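Chains as they are written, first to last, in the working numbering: chain A, 1 to 335; chain B, 336 to 800; chain C, 801 to 1144.
Some clues are possibly wrong.
Only some residues are given here: those of chain A computed to face chain B with a beta carbon under 10 Å [unchecked claim]:
no., residue
1, 93
2, 95
3, 102
4, 112
5, 130
6, 138
7, 142
8, 163
EDC-like cross-link-like pairs, simulated, lysine to aspartate or glutamate; straight-line CA separation at most 20 Å [unchecked claim]:
no., chain 1, residue 1, chain 2, residue 2
9, C, 1068, A, 141
10, A, 213, A, 235
11, A, 71, B, 692
Which stretches of chain B does chain A cover? Using the computed rule of at least three CB atoms under 8 Å from a CB of chain A, they are [to be verified]:
no., segment
12, 444-455
13, 684-690
14, 708-719
Keep in mind that the hints were calculated from the coordinates and are not lab data.
This structure is a prediction, so every number in the text was calculated from the model and none was measured.
Ideal Cβ placement from N, Cα and C applies to all residues, glycine included.
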Amino acid sequence: MTDTPPPATRSLETIPPNPGPLVETDRLTKHFAIGPGQILHAVDSVSLHIDNDEILGLVGESGSGKSTFGKTLIGLLQRTSGTASFDGEPLPPRFAAADHLRYARSMQMIFQDPYLSLNPRMTVLDIVGEGLRLAGHSKSDAAEQVAMWLRRVGLSSDHMSRYSHEFSGGQRQRIGIARALIIEPRFVICDEPISALDVSVQAQVVNLLDELKDTLGLTLLFIAHDLSMVRYVSDRMAVMYLGAVVETGSADDVFFEPRHPYTELLIDSNPEADPRLERSRAHVPIQGEITSPINLGPGCRFADRCPKVIAPCRAEPPPEVIVSDSHSVSCHLYA
Amino acid sequence: MSDAADFAPAVRQDVAAAITRPSLSYWQDAWSRLKRNTRALLSLYILIALATFTLLGPFLWDVDPALQDLNQVSQAPGPARTAALVAHEPRWSGRRLVDVPAEPDEYPDAVAAPAGIRAAQAPTTQLVRLTWDPVDGAAGYSVYRNTQAPETQNDLGLPLGGTDAGNAVGFEDRLNLEGRTYYYSVVPTDGVDEYDVYGTATITPQLAILIDEARERGLIGGSTTVTPGDTVELDWHPFGTDYLGRDLLARVMQGARVSLFIGTVAPLLFVCFGVAYGGTAGYLGGRMDALLMRFADFVVALPFLLFMILFKIAFGIGPGESGILPMLIALVLLGWPATARLVRGQVLQIREQGFIDAARLLGAPPSYLIARHIIPNTMGVILVTLTFAVPSAIFTEAFLSFIGMGVAPPTPSWGSMCNEGVKTMLSHPHELFFPALFISITVLAFNLLGDGLTEALDSRLRSRD
Amino acid sequence: MSALLTLENLAVEFATYGGVVEAVRGVDLELNRGETLAIVGESGCGKSVTVQSIMGLIPMPPGRITAGSARLDGEELLGLPAKEANRFRGTKIGMIFQDPMTSLNPTMTIGDQIAETLIVHRNMSRRAARAQAAELLDSTRIPEARRRLDQYPFEFSGGMLQRAMIAQALACGPSILIADEPTTALDVTIQAQILELMRELQAEHGMSILLITHDLAVVARMANRVAVMYGGQIVETGPVDDIFYQSAHPYMQGLKSAMPSNRGGRDKQLMPIEGSPPDLFAPPVGCAYGERCPHAMNICQRRNPSMTDVGPDHVARCWLHADGAPLVSTLHQPQHRPGDHADD
């Protein structure tokens, strides 16, 4: 049903791959001032890197800051402090429209809500072709490419003249994918792309992303809260809690051998579609609620709920410790 | 019963989304929904009829709204009336009886009530000549006229004058006569005071018009010969006339132009301004937004009526000016904040939606975002606001003109016509009825249309079908 | 042993702007005492409408129950006048809903809302009801329950609100708790707490739970028996192990293949189900799943299959189990997954 995709091209000459990571952040921080003296630490000093052709999964619960991180990285929100770079080039803390235009072919985003992320007044042709038109392509050229891309994401080119409200959630998400990928970015942030979809449709979208990643040579940041799906999709995985990264490593390592107490809790709480397995698991859920990211204290954010809390946890921020090959934890237990 | 063929694999059409319903754009979809709403559709037709009435009416009914038909002052609506043609008559000298003394020898305490009060000749709207039988002991008579039958001597009505002698039993009335029933009362006097008796007669003058006037007014051809007594058809006033004899239909048409002009231009202007202002505030957000909205709050707090009065004084409407422009300006200056608030709220909401971020990431500059993404999604709200702003402006204009703070006479507007009509509400209700009816229908039609539009454009009611 | 709650041939339709939607098209269910039955399906399959019509929560002008019965302990629940319906709502059946933020009245304190049930149904005095409310809230393991009685919903987090709703639903000791997507809006760690709480309360009170969800993992965790819904109908019912390991319906199999399994080592490719759920404005004449089923046959397009026995207490609505249908290996043999955990 899909066309044979053209070979992965970049707009100009072939660029030799940068030896370093494609995307890198160093102590990236985003705070929101929500009242006099009240600071919401949405993202606190996050240092991550994503290599070429890699899928980094980012998981966390509400308040973890994973979506905010993605939006700050790509310039939709203004960075409070820290740095971010793409292909070795530093990214500005605040993106003007010209900056977005400049980086449009480098970084793009696929959004969470398929019902709100498409303009209801625009036809599918307009929506998907927007990036090309803003980059200066002619109408006919854009129409041609849109037709090709619609087929590529599993829709028909007849759908070009239709409006987004005529499509189902899964189809709208495909339109969103076509919109993001038609200008051939190198790096795509997928912000909860499947959370609003039915189970049977989630797999369609995940498979599509996988296939397109391979044929286009994409690098992905996959933000989601479904642990099983993130493990399946990602090469590496990072876990966030209240704005800070608590553990990173290969997806299998983090999932099957979690080190950080929060990650353990998360994996433990994650139910599996396997009744016998569920029956054999000990279920001792943690007590207490996720605290608020407003006006955090100096120590580890998880100290209030951690079952393995020790003295230094409340006093100092935990250090980042490398426990094995590319697997690192921010926890006093391992210091 | 099932057979082997039943279990053969099925042949399927392409599963990848066969959508069979025709594609409708937002406006096509909204229009089809509006058509299904009978009340809104009816209102739309009424408004189209009203627009035709206002724009084409004066060409089809080209009566000068300022022309005074003094023969038909305050005439109720009805078919065209016929009037008798009469020649001009000089003032009546009255009627003096020779065999009755001018003054009585003595003045009794009481006298008989005058009797035999009648018209000396056929009463017409040009003149009524009364005569009556003389009363013993009277040294003169006073004549009153009322439009209702008097019940007591205090209720006799308008004093017309009188005669100064007991034998002067004739009186001519030419004062504002209409073709209606009058109750004339005659009271004998002793030369100084009135006696406590009176007599009443009912007289209904016939419609009459002077031959010269009729020729002037074009009711009879210039060369046609006529004789007094012939009848001629007077100008037809389908809606009747007002207290100055002006044709109400023509006035309502002219008033429509004034009221609708103010009622549509002012909202257009202040909605446009409100959209620009609110859209900017919503888009910029943060402190600019707060600042802009505080100013809008300030404007809302200004007392509207006070401002209108101040405007009227400041602009000093001179003679001959209509007063339309100051009212327009005042409406615009004070009416925009509501729209601004509404549009700002809508813009704030739209800004949060994913497609704005997506467009930003593709490199869209702010002007493109506003024009291509934000405004089209607020069009529904804007249109509905406009549809409700029009009746509000019409009503405000009517109210202001009604209390005298609006357009200046003689420029008619529906509101000022209501103001004039209220004064004669009890005797000539039609003068109030027609402008009020038009205001009510217009405002109601716009409101119903606005309701229908809200329903048709509300995206929440649009499901996936 | 007779079932506690029996649904027979329930059919519900809605008159909407675009036409009539047949949301539920003939549902048969049985809920036994002390068990947890999960109704699992995706959006639009009709699972929420089914339980809402039991509770009489469907607004009757656009909605209409066109057929069927729902019997609790032999008593018919459908079509009762409002007063009668109120008798069993809250006392015999308690219900908790998906979004705790919008399911509780923001202008009443939590304590008042829990006490309300007791005052209305048990005729308790306000003081007695509040004392009882404190105990109920405590039993849901909310810390500082007594203090929280006087707080308003906006002061509670999502998980705590769900506990408050559970306390309210269980106030009059119902024999059935209906939970409509109770944890969908919650984070995974909070979800684990709430599910654990529900299991503990079920054991304490010996009540039955009717759990509506789209999450197969939650079903695996909580259910004794499972009913799978698709396109307004139940397509498969059976014990949870049978449904997961020996599913007799292509839809359930399709769902399992579309989910990642967490086994170490090489992951199998996700096999999505192509297409989308059926349009219930014009429900298909044949099997609702026919369009998406990889094993669809001619008869599937023409006639809707009826329920067939495929095992002890296990039924499936599929023509593949009719006499004369071809054998499909995955359906007609027990399925074991590599690396299965052994039974304890």
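Hint numbers not upheld by this structure, sorted from lowest to highest: 1, 6, 7, 9 and 12
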